[in-house]
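Turn these sequences into a full structure, and let the hints guide you.
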Amino acid sequence: MDLTVNRKNYPFEGSPDTPLLWALRDHLDITSVKFGCGEGLCGACSAHVDGELKRTCQVSCSEATGKDITTVEGLAPKVAEALKTAWLELDVAQCGYCQTGMIMAAADLLKNNANPTDEEINDAMNKNVCRCGTYGRIRKAIHLAATRL
Amino acid sequence: MDRRSFIKSSTASAISVGVGFSLFNNEVIASNTYFGNPWIKIHQDNSITLINSRTEMGQDVYTSISLLIAEELDCSLEAIRIEAAPFDPTNHGNAMLGGLQLTGASTSVAVSWGSMRKVGATVRTMLVSAAAKKWNVPVSSCSTNNGYVMSGSKRASYGELVDLLPQEPIPKDPALKNSADFKYIGKDIPRLDGQAKVDGTAIFGADVRVEGMSTAVLMRWPVVPPNTYGGMAVKAVDKVISYDADQARKLPGVLGVYRIDEGIAIVARDYHIAQQARKLVKITWDLGDTAGLRDTETIMRRLKDAATVKPGVVLRTQGDVKKATSAASSAHKATYELPFLTHANLEPLNCSARIANGELHIWGPMQNPHLAHTVGVNISGLPPEKVFVHVTFIGGGLGRKAEIDFVQEAVAVAKASGKGIRLMWSREDDTKHGAYRSAAYVHMEGALNAKGGMTALRVKLTSPSVISRALPPFIQNGVDPFMVDGLHNLTYDVPNYEAEALIHEVGVRAGAYRSVGYSVNTYAIESFIDELALAAKVDPVAFRLTHLNGQPRAQAVLKLAAEKANWNGPQKPDRFLGVAQFSGYGSFIAVVAEISLDGTEPKVHKLVAAVDVGRVIRPKQLEGQIEGAMVLGIAGAMLNRLTFKDGVVQEGNFDTYKMLRFRDTPPVEVHIVNNDNPPGGAGELGLPPVAPAIANALARATGSRLRTLPFLDV
Chain Z
34 MDLTVNRKNY
44 PFEGSPDTPL
54 LWALRDHLDI
64 TSVKFGCGEG
74 LCGACSAHVD
84 GELKRTCQVS
94 CSEATGKDIT
104 TVEGLAPKVA
114 EALKTAWLEL
124 DVAQCGYCQT
134 GMIMAAADLL
144 KNNANPTDEE
154 INDAMNKNVC
164 RCGTYGRIRK
174 AIHLAATRL
Chain P
9 MDRRSFIKSS
19 TASAISVGVG
29 FSLFNNEVIA
39 SNTYFGNPWI
49 KIHQDNSITL
59 INSRTEMGQD
69 VYTSISLLIA
79 EELDCSLEAI
89 RIEAAPFDPT
99 NHGNAMLGGL
109 QLTGASTSVA
119 VSWGSMRKVG
129 ATVRTMLVSA
139 AAKKWNVPVS
149 SCSTNNGYVM
159 SGSKRASYGE
169 LVDLLPQEPI
179 PKDPALKNSA
189 DFKYIGKDIP
199 RLDGQAKVDG
209 TAIFGADVRV
219 EGMSTAVLMR
229 WPVVPPNTYG
239 GMAVKAVDKV
249 ISYDADQARK
259 LPGVLGVYRI
269 DEGIAIVARD
279 YHIAQQARKL
289 VKITWDLGDT
299 AGLRDTETIM
309 RRLKDAATVK
319 PGVVLRTQGD
329 VKKATSAASS
339 AHKATYELPF
349 LTHANLEPLN
359 CSARIANGEL
369 HIWGPMQNPH
379 LAHTVGVNIS
389 GLPPEKVFVH
399 VTFIGGGLGR
409 KAEIDFVQEA
419 VAVAKASGKG
429 IRLMWSREDD
439 TKHGAYRSAA
449 YVHMEGALNA
459 KGGMTALRVK
469 LTSPSVISRA
479 LPPFIQNGVD
489 PFMVDGLHNL
499 TYDVPNYEAE
509 ALIHEVGVRA
519 GAYRSVGYSV
529 NTYAIESFID
539 ELALAAKVDP
549 VAFRLTHLNG
559 QPRAQAVLKL
569 AAEKANWNGP
579 QKPDRFLGVA
589 QFSGYGSFIA
599 VVAEISLDGT
609 EPKVHKLVAA
619 VDVGRVIRPK
629 QLEGQIEGAM
639 VLGIAGAMLN
649 RLTFKDGVVQ
659 EGNFDTYKML
669 RFRDTPPVEV
679 HIVNNDNPPG
689 GAGELGLPPV
699 APAIANALAR
709 ATGSRLRTLP
719 FLDV
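In order, the protein sequence lines correspond to chains Z and P.
For any residue, its number in the numbering used here is found by taking its place in the first sequence, counting from 1, and adding 33.
For any residue, its number in the numbering used here is found by taking its place in the second sequence, counting from 1, and adding 8.
These are calculated hints, taken from the structure and not from any lab test.
Glycine included, C-beta positions come from ideal geometry on N, C-alpha and C.
One thing to keep in mind: the hints can contain errors.
[Stated by the list, open to error] Just the calculated beta-carbon pair ranges, DEER-fashion:
hint, chain 1, residue 1, chain 2, residue 2, range
1, P, Pro-686, Z, Glu-96, 51 to 61 Å
2, P, Arg-671, Z, Asn-42, 35 to 45 Å
3, P, Asn-386, Z, Lys-144, 26 to 36 Å
4, Z, Glu-122, P, Asn-186, 26 to 36 Å
5, P, Lys-572, Z, Asn-42, 51 to 61 Å
[Said to hold, decoys possible] Lysine to aspartate or glutamate pairs mimicking EDC-like chemistry, simulated, CA-CA at most 20 Å apart:
hint, chain 1, residue 1, chain 2, residue 2
6, P, Lys-287, Z, Asp-83
7, P, Lys-614, Z, Glu-153
8, Z, Lys-144, Z, Glu-106
9, P, Lys-653, P, Asp-294
10, P, Lys-423, P, Glu-393
11, P, Lys-191, Z, Glu-122
12, Z, Lys-41, Z, Asp-62
13, P, Lys-666, Z, Glu-72
14, Z, Lys-100, Z, Asp-50
15, Z, Lys-160, P, Asp-672
16, P, Lys-247, P, Asp-269
17, P, Lys-614, Z, Asp-101
18, Z, Lys-160, P, Glu-436
19, Z, Lys-173, Z, Asp-141
20, Z, Lys-173, P, Glu-677
21, P, Lys-243, P, Asp-207
22, P, Lys-611, Z, Asp-156
23, P, Lys-191, P, Glu-86
24, Z, Lys-173, Z, Glu-122
25, Z, Lys-160, P, Asp-663
26, P, Lys-572, P, Glu-677
27, P, Lys-611, Z, Asp-151
28, Z, Lys-173, P, Asp-672
29, P, Lys-195, Z, Glu-122
30, P, Lys-427, Z, Asp-62
31, Z, Lys-41, P, Asp-207
32, P, Lys-247, P, Asp-297
Structure representation (structure tokens):
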């Protein structure tokens with residue numbers, strides 16, 4: 034089976050029921066997708082599959098094969114730049130473990146809503162957990178990124 | 009710094025050559041431009057590597073400590089790359105934590121403030137001296153800027169001068185900059201690890217990739233670990249009676265199943281296979297006697313019974329509490345109850361280990377590389393110089409990653425399997441096998457005079473010990489210093505005061521959790537002070553200000569927080585304010601919480617904090633630490649608690665151990681009082697006042713007092 038990650042094809046020889054998260058991390062050595070819960074409860078493993086936001090611990094490789102898988106490294110340059118710059122300017126990351134997942138969820142939000150309110154950010158991002166408590170800064174960073182897209 | 013420490017460092021640093029661990033691209037770095045100190049490597053291309061003694065877990069030590077060195081070294085920040093220190097407690101030990109190479113207790117900046125600036129100034133002085141000799145000009149004609157030494161029209165980069173440094177004498181007392189000349193300290197410099205943390209290149213524990221490494225998971229004794237297991241020199245006890253792993257071994261991708269003292273380990277091609285195999289292993293455990301762990305109520309009752317009948321150790325006595333109480337206009341009592349909490353760091357515990365070619369290498373998210381090294385030596389049986397500890401970025405530590413159980417297990421699996429392994433804990437493993445924030449009973453008594461002044465205060469804390477298991481030498485005369493923080497060093501000025509602490513074990517492992525004893529004791533003290541203020545019919549801010557006599561910095565932050573929260577002004581309808589203040593780690597904070605009630609359910613709308621940590625290294629970082637700790641404080645006040653049944657922790661994943669999320673997180677404001685006092689701690693400062701500030705707002709809203717955490721029925 035092949036997996037297409039960030040527009041590159043990778044052969045995958047593991048079991049088809051392997052969650053995409055573990056194919057990416059343990060077979061393809063793409064470690065920007067993080068393991069936090071394994072149950073779709075924290076969002077640390079967020080990536081885009083055919084343009085849709087997914088928790089990769091909840092998607093099997095048999096479902097993901099043939100689709101375009103995008104991790105933070107493969108985000109479209111414009112949105113990636115806007116989000117990362119906003120994150121850096123506002124000093125968002127603390128430990129940083131959740132932040133790649135946060136950025137993937139934020140990119141998905143901004144694709145569907147060019148200028149979200151705080152409430153809309155809360156609703157869209159509520160499945161992503163940050164134990165360092167950077168939620169307030171993430172809200173501000175999403176607003177800032179929105180002004181530049 | 010003297011020649012001896014440079015020479016000694018130089019010897020120690022020889023160990024690190026070739027095994028420095030890059031946090032950014034997973035590569036092992038060979039370094040040949042070391043010139044003989046353990047903190048700064050200047051390379052001929054004018055780039056500079058700073059070796060960071062402390063572990064980065066979100067608190068921003070890689071930037072803040074690097075800024076201290078760079079400020080005095082006078083180098084450009086673009087030239088800097090950062091490495092985690094190798095095991096070398098002579099040079100990287102933490103003088104505020106008994107010399108252990110350990111990150112915790114909000115000590116990193118405070119302990120580095122003098123020492124790391126001196127390191128930078130020493131090397132800068134030597135570079136200037138080398139340049140002056142090379143050019144045959146007086147030292148006084150030379151200046152430095154951004155990694156260059158200059159004299160008249162002459163200019164040399166630090167990289168060009170590095171070869172001359174070994175001949176330079178080491179200055180005993182190099183001049184430090186005046187604070188007015190600071191280029192970096194106090195400025196909002198972007199964090200040096202920020203880019204790596206948004207583009208996914210930062211290497212956390214489980215991101216370590218070493219050729220041929222497999223994944224391991226461990227099936228542990230299902231009963232909650234007791235407070236005797238895991239820590240300095242505590243060996244695991246094999247609790248397996250029998251096990252059958254035949255089915256698991258047949259699963260494609262399983263590389264082996266091994267019995268170690270800590271349980272049954274499965275080594276597999278990937279984590280998914282290892283977890284699948286786990287379901288196929290049948291284990292008969294010796295569960296022992298779990299009668300005392302029947303349920304949460306039983307555990308808490310054992311603690312409460314002890315609190316009632318057993319005396320503790322008296323920490324401090326002043327005046328005569330009994331006499332003052334009998335002479336008082338009114339006397340008051342209250343008992344506060346706190347549950348066990350788990351850290352729930354977003355990065356579950358993990359550790360990688362490999363024993364090969366007579367060397368043990370350990371990679372992982374370690375707050376305590378010191379004891380990781382000790383454990384590595386003990387289990388591998390290798391000589392200390394053959395055990396290498398590589399500290400990665402930590403995806404949230406909160407004290408849990410200062411433990412060494414996860415390191416011990418990884419080394420044991422590496423030894424048993426003969427393989428390089430990456431031991432992964434599932435979320436459920438992480439929740440059920442913690443080193444928890446202690447449950448506690450805190451009994452308070454107080455007395456008021458006719459004028460509404462506090463004349464006596466008495467406190468008795470009863471809880472499991474925080475540190476007796478992990479680091480027994482810290483226990484002195486029956487007192488656990490981490491447990492009693494805030495009691496022996498009460499901020500308030502009260503003529504009659506008595507503090508007592510009782511260590512009482514209930515069969516549940518306890519450990520350091522952000523703010524440690526302060527999180528427990530501040531909740532009780534600041535709630536009770538509010539109860540006294542209400543009883544005295546004195547405004548809670550005014551009551552505190554009166555009794556913070558002699559504490560001008562505590563008074564100043566309290567006044568500022570009250571002002572910024574509009575404490576004395578009109579409030580929005582149905583909103584209620586509560587206040588709490590706290591000092592610890594050499595720093596001061598006051599918090600005002602704004603809440604409302606939706607039926608009987610409280611909602612936090614806003615927190616306003618004023619802080620004084622002395623000299624601020626990086627304002628955005630300070631605000632971030634306070635914001636984050638306050639958000640964790642809300643989680644502890646409202647949501648978090650562990651429950652037990654027949655010795656087993658009932659919570660597992662985030663569906664049962666609830667996380668504070670975007671929707672529940674109100675705006676948090678931080679106001680900084682900047683001054684020239686030496687920097688105190690910041691990482692843990694924000695948490696302790698949050699629960700009592702919310703409790704005090706709730707009491708105002710409802711007219712009744714909640715004394716048991718958490719406040720929501722979860």
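Item to check | 20 Å Cα cutoff - pair Z:Lys-41, P:Asp-207 | outcome: Distance of about 18 Å is within 20 Å: holds.
Checklist entry - For the pair supplied as a hint, P:Lys-614 and Z:Glu-153, is the alpha-carbon distance within the 20 Å limit? => result This hinted pair holds, its Cα atoms lying about 19 Å apart.
Next on the checklist: P:Lys-653 and P:Asp-294 were given as a pair; does the straight-line alpha-carbon distance stay at or below 20 Å?
Outcome noted: Given pair P:Lys-653, P:Asp-294 holds - Cα atoms ~17 Å apart, limit 20 Å.
Next on the checklist: Would the hint linking P:Lys-195 and Z:Glu-122 be met if the CA-CA limit is 20 Å?
Outcome noted: Roughly 14 Å between the alpha carbons, so the hint for P:Lys-195 and Z:Glu-122 holds.
Next on the checklist: Hinted pair, alpha-carbon criterion (20 Å max): P:Lys-614, Z:Asp-101. Please report holds or violated.
Outcome noted: Violated. P:Lys-614 to Z:Asp-101 sits at ~42 Å, over the 20 Å cutoff.
Checklist entry - If you draw a straight line from the CA of P:Lys-572 to the CA of P:Glu-677, is it 20 Å or shorter? => result It holds: about 9 Å lies between the C-alpha atoms, which stays within 20 Å.
Item to check | P:Asn-386 versus Z:Lys-144 beta-carbon gap, inside 26 to 36 Å or not | outcome: Roughly 53 Å apart at Cβ, these two residues miss the hinted range, so it is violated.
Checklist entry - Taking the beta carbons of P:Lys-572 and Z:Asn-42, is their distance inside 51 to 61 Å? => result At roughly 56 Å between Cβ atoms, Z:Asn-42 and P:Lys-572 fall inside 51 to 61 Å, so the hint holds.
Checklist entry - Can the restraint linking P:Lys-247 and P:Asp-269 be considered satisfied, given a maximum Cα separation of 20 Å? => result 8 Å, holds
Next on the checklist: Taking the Cβ atom of P:Arg-671 and the Cβ atom of Z:Asn-42, is their distance within the range 35 to 45 Å?
Outcome noted: Because 39 Å falls inside the window, the suggested range holds.
Checklist entry - For the pair supplied as a hint, Z:Lys-100 and Z:Asp-50, is the alpha-carbon distance within the 20 Å limit? => result 16 Å, holds
Checklist entry - Is the straight-line distance between the alpha-carbon of P:Lys-611 and that of Z:Asp-156 20 Å or less? => result 17 Å, holds
The structure fails to meet hints 3, 6, 17 and 21 from the earlier list, while all remaining hints are met.
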